[in-house]
Each structure stands twice: as C-alpha cells, then as structure tokens.
Amino acid sequence: MPGIAHLIQEFIRTLPFFMKPLLLTFELTIASVIVGTVIGLLVALLKVSRIPGGQLLANIYITLIRGTPLIVQIFVLYFGFYKVIDLGQFWSATLALAIHSGAYIAEIFRGAIQSIDKGQMEAGLSLGMSSAQTMRRIIMPQALKRSIPPLGNQFILSLKESSLAAFIAMDELFSLARRLSAETFDEMTYFLIVAFYYLLIVMVFTYFVNRMEQHMAKGDS
Amino acid sequence: MSEKQEMIRLQNLKKSFGDLEVLKDINLTVRKGEVFVLIGASGSGKSTLIRCINFLEMKNGGNIIIEGKSIDPKKDDLTQVRQKVGMVFQHFNLFPHKTVLENVIEAPLVVKKVSKEAAKQEALHLLDKVGLAEKADVYPSSLSGGQKQRVAIARSLAMKPDIMLFDEPTSALDPELVGEVLETIKQLAKEGMTMMIVTHEMGFAKEVADWVAFMNQGRIVEMAPPQEIFNNPKEERTREFLNRVL
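Going down the list, the sequences are from chains A and B. Residues in the first sequence are numbered from 0 upward in steps of one, following numbering that gives the first Met the number 0. Residues in the second sequence are numbered from 0 upward in steps of one, following numbering that gives the first Met the number 0.
With the rest of the complex left out, here is chain A (with noise of 0.2 Å):
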C-alpha cells in the first residue's frame, strides 16, 4: 500500500498529465448523456405510444441492451462497424455509451411519464385539448421534473463507465491510470488517484443534481 505522502506527492506531479483525460472523459460523458436522453425520450415515447410496432421494437432495443455487457457494446460499435463506417475512437465510445444509456433513460422516462396522474391527461382532453398537446404541455413537464434525480444517477453511471473507452484505445481518464501504472509498476498509486478523480467528479455532480431537485421542488403538491 503506497503510504498517503507519497500519494499525494505523485498526485501533484501527475496533475499536469491527468488534465487532458479529464476533460475527454467530461466531453464522452457529456456527449453521451445528451444523445442516450434524446434515444431515451424516443424510445419512451414510443414505448407510451399506441403506434403499431412501436411498443415493439423499443423492447427489443431494451432487452438487447440491457441484456449484453457494455464492453461488448463498445466493441461491437468500434470494431463492428468499422468495416461500414469509421466513427472514429471518439464517436464510437460516445454512441456505444449513449446507446447504452439510452435503454435505462428510456425506462426512467417511461416509468416518469407513466407515474402521472391519469387525471392530468383526462383534465387536458376535457378542456378540449388533443392528446399529444396535453402530453407536451401538461404531462412531460411533470415527468420531466420526477427523471431529474434518475437522470442524475444515470450520468453519474455513464461517468464511470466511459472508462471502459480506455479499452478502444482512449487517452481519457482510467487509460492514463493503466499508462502510468504500467510504466511505472506502481499500479495502487495511480489507481487511486484516479479512482478520486472519479469520487470528485461524481461528488461536485451530485451537489448540484441535490441543488437542482430543491430549486425545483417549490411548485410541487
């Protein structure tokens, strides 16, 4: 076990090196939450849909993704779909992140929406608005609000699982831990410190996912 002055010795010396990681895993993550909650919403909505096939195929995406590891996902992406387009490193981690995600954001989605009221829905038509205008303006607002803290949970997953990009060859976070402990043969200090590279990110993210959730508590019933 490295002693604690040296952790935080090698810590300062390897910060320089640790900031473009960073920031790669920031940008996989960040891309790959915002395109899983575009494919989750889709596929929510067409889960809640009376379009025939749609409940359909949004369970066979779901079942297919929950059902397979995401390692395998990524590779199935990269080297898959190398043969027919090169996505590159980036986009391939990226899409194979948000397709992953986008199965479970499309549950929570699913699970939101189908956690109003059905009053909602029968108070909108009775005003004589359409179905999907009630259900753009008076239920997905509402379950919008009750996937934040979901949602919040599920960024905090992809955060951690863009480390498996390392394996298509990234340079993000975990891929400069294994570099350095490989170079190095003093593998627990730089898998500890990148392990709280990790533990900080996710700490400053749930703080403002809590600050968020009270900020919008207040119209609530």
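These are calculated hints, taken from the structure and not from any lab test. This one's a predicted model, so the numbers in the text were calculated from it and none came from an experiment. Heads up, the beta-carbon is just placed ideally off N, CA and C, and yes, glycines get one too. Treat the hints loosely; a few may be bogus.
What the hints assert, rightly or not - Listed next, the in silico DSS-like pairs over lysine-lysine satisfying Cα-Cα at most 30 Å (straight line):
#, chain 1, residue 1, chain 2, residue 2
1, B, K97, B, K128
2, B, K119, A, K117
3, B, K23, A, K144
4, B, K189, A, K144
5, B, K185, A, K117
6, B, K3, A, K117
7, B, K119, B, K189
8, B, K115, A, K117
Said to hold, decoys possible - Covered, in the sense of this in silico footprint (three residues per stretch, anywhere, with C-beta under 8 Å from a C-beta of chain A), are these stretches of chain B:
#, segment
9, 26–34
10, 168–182
Said to hold, decoys possible - Only part of the chain A face toward chain B is listed, based on derived beta-carbon distances under 7 Å:
#, residue
11, G110
12, Q113
13, G118
14, L126
15, G127
16, M128
17, Q132
18, L143
19, N209
20, E212
21, Q213
22, A216
Fit chain B to the supplied structure of chain A, relying on the hints for placement.
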C-alpha cells in the same frame, strides 16, 4: 318550437367494463339552462355516465347527442365536442406545474389560440367570479381543496362551454369546504348554465336541480323534479336509498 333547445340527449346508452355492464340503456335529455342531478349509491354508474358524455369513457352502444348532433367518436373530432362540454373532477386535476392563472389560460391559449393578453383578462375575470383573483400567481399546492375546485371550475369556464359536467365535485373536500364550492355551482345555475352534476349532497340537489335522476345498478330507476323525487318517490328502491342518505 316552444321547448328549449336539447343540449344532451342519451339514447339507449350502454357501457361495459369487460363482462361488467355498468350502464344499461340509459335514456335522458337535458335542455338548455337545466340542472340535471344524478344521485345513487357508489358503483351505480353515475360517474361512468357523466364521463361517457365527455368521451373520457367510450360508450359500447346507443347514441350520445350533443346539441342536436349524434357524436361518433371514431369520426368526429372529440376535441371540438369537449370544448363545448366542460368537466369538473372529484380530484380537481389542476396542473401542479402551472400557477392558478396559467391553469386557467392554458386551454384558451393552446386550443383556441386566444392572445395571451385576452386570455389573462378573461382568466382574471373568472377567478374574480369564483373569489380567487388574489390567488392568480400562486401554485395549486398552496390552495385548500375548496379553492382548488373553484380554480378547476374557472379553468373549465375559460373555454366558454355550453354545458358543464360535475363529477362528485365536493366528495374529496373536507366538510367545511363543501359550501364554497356548492355556492359557486349555484351561482352558475342562476346564470343559466346547463349542467349535469353527480353528487351525494342531497340538500344541494334539492335546491339547485331541475331534474333529479336516481341510478341503481346501471339503470335510471326514477327521474323527476326534486320535490317529487325527494318528497314522494315512486319507486321502492329510490325510497330505500333516500331513507339511508337523508
């Protein structure tokens, strides 16, 4: 034609949930300006009946004729029908993410494309009418049940409906808040609004109704002006019911 215009006419209306027949051959007519009150035990089909008129439940048979036009839910635009037929729910169903004012202007803005200024003006007028003008900018969560229901009434009136349906409007309220809601409904009756009301408030029914229908097991057992049905019920089952609730 000296008779007042027919606003609602139900002919042999039938509704089932699975094997359970909830409405069996309902026939009734509500004319312009009339207040039609439905009474009966829980599970007798009153709420289902009123929800069918607004097509929140779809009938399984018979005709629903609104202002002279038989409505076919498959062909007709139900949003058009519902604009003419307002509905007030037992649990208010206000939009919790919108202020009181936003609740009231929502449908006029979105459905009728009224200008925001005009919608606001009308909404404030309606809120004033139900005695809640000073609550325009608060969220529903800070209102009492009675206030919520009065906002729901104002929200429904904002679409300028020809007919108002009330589905047990005071059943979810604390006893001391029932009065203010009934007062608001009475005011509407005085102004000549055509209304159908499901209620357990017999004193209110007696006072405000032009017609009272007693429902039992999916049928209208007896339909008469309130003096008759309350003072001199013809059917044994009506008598039994009234003995239990009065």
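Verification of the supplied hints:
Our distance criterion of 30 Å between C-alpha atoms is met by K97/B and K128/B, whose separation comes to about 20 Å. Of the pairs offered as hints, the one joining K119/B and K117/A holds, with about 27 Å between alpha carbons and a cut-off of 30 Å not exceeded. Restraint check for K23/B and K144/A: the C-alpha separation of about 43 Å exceeds 30 Å, so the hint is violated. A hinted pair counts as satisfied when its Cα atoms are at most 30 Å apart, and K189/B with K144/A does not qualify at roughly 42 Å.
About 29 Å separates the Cα atoms of K185/B and K117/A, which keeps this hinted pair within 30 Å; it holds. The suggested pairing of K3/B with K117/A is violated, with an alpha-carbon distance near 36 Å, which exceeds 30 Å. A hinted pair counts as satisfied when its Cα atoms are at most 30 Å apart, and K119/B with K189/B qualifies at roughly 25 Å. A distance of roughly 28 Å separates the Cα atoms of K115/B and K117/A; the hinted pair therefore holds under the 30 Å criterion.
With 0 residues carrying a beta carbon less than 8 Å from a beta carbon of chain A, the segment 26–34 of chain B misses the three-residue requirement, and the given coverage is violated. As drawn, the segment 168–182 of chain B meets chain A at 0 residues by the rule of a beta-carbon pair under 8 Å; below three, the given contact is violated. Hint on G110/A is violated. Least Cβ distance to chain B is approximately 18 Å, over the 7 Å limit. Hint status for Q113/A relative to chain B: violated, with the closest Cβ pair at about 17 Å, above 7 Å.
With its C-beta approaching chain B no nearer than about 4 Å, G118/A sits inside the 7 Å limit, and its interface hint holds. Taking 7 Å as the C-beta cut-off, the interface hint given for L126/A holds, the closest approach to chain B being about 4 Å. Interface restraint check for G127/A: the shortest CB-CB distance to chain B comes to about 4 Å, inside 7 Å, so the restraint holds. At its closest, the beta carbon of M128/A sits 6 Å from a beta carbon of chain B; the interface hint therefore holds under the 7 Å criterion.
Look at Q132/A: its Cβ gets to within about 6 Å of chain B, closer than 7 Å, so that hint holds up. With its C-beta approaching chain B no nearer than about 10 Å, L143/A sits outside the 7 Å limit, and its interface hint is violated. Contact between N209/A and chain B, as hinted, is not supported at the beta carbon level, the nearest pair being about 20 Å apart and thus beyond 7 Å. Evaluation of the E212/A hint against chain B yields a violated restraint, the C-beta minimum of about 15 Å exceeding 7 Å.
A cut of 7 Å between beta carbons decides the hint on Q213/A: the least distance to chain B is about 15 Å, and the hint is violated. Of the supplied interface hints, the one on A216/A is violated, with its beta-carbon coming no nearer than about 10 Å to a beta-carbon of chain B, more than 7 Å.
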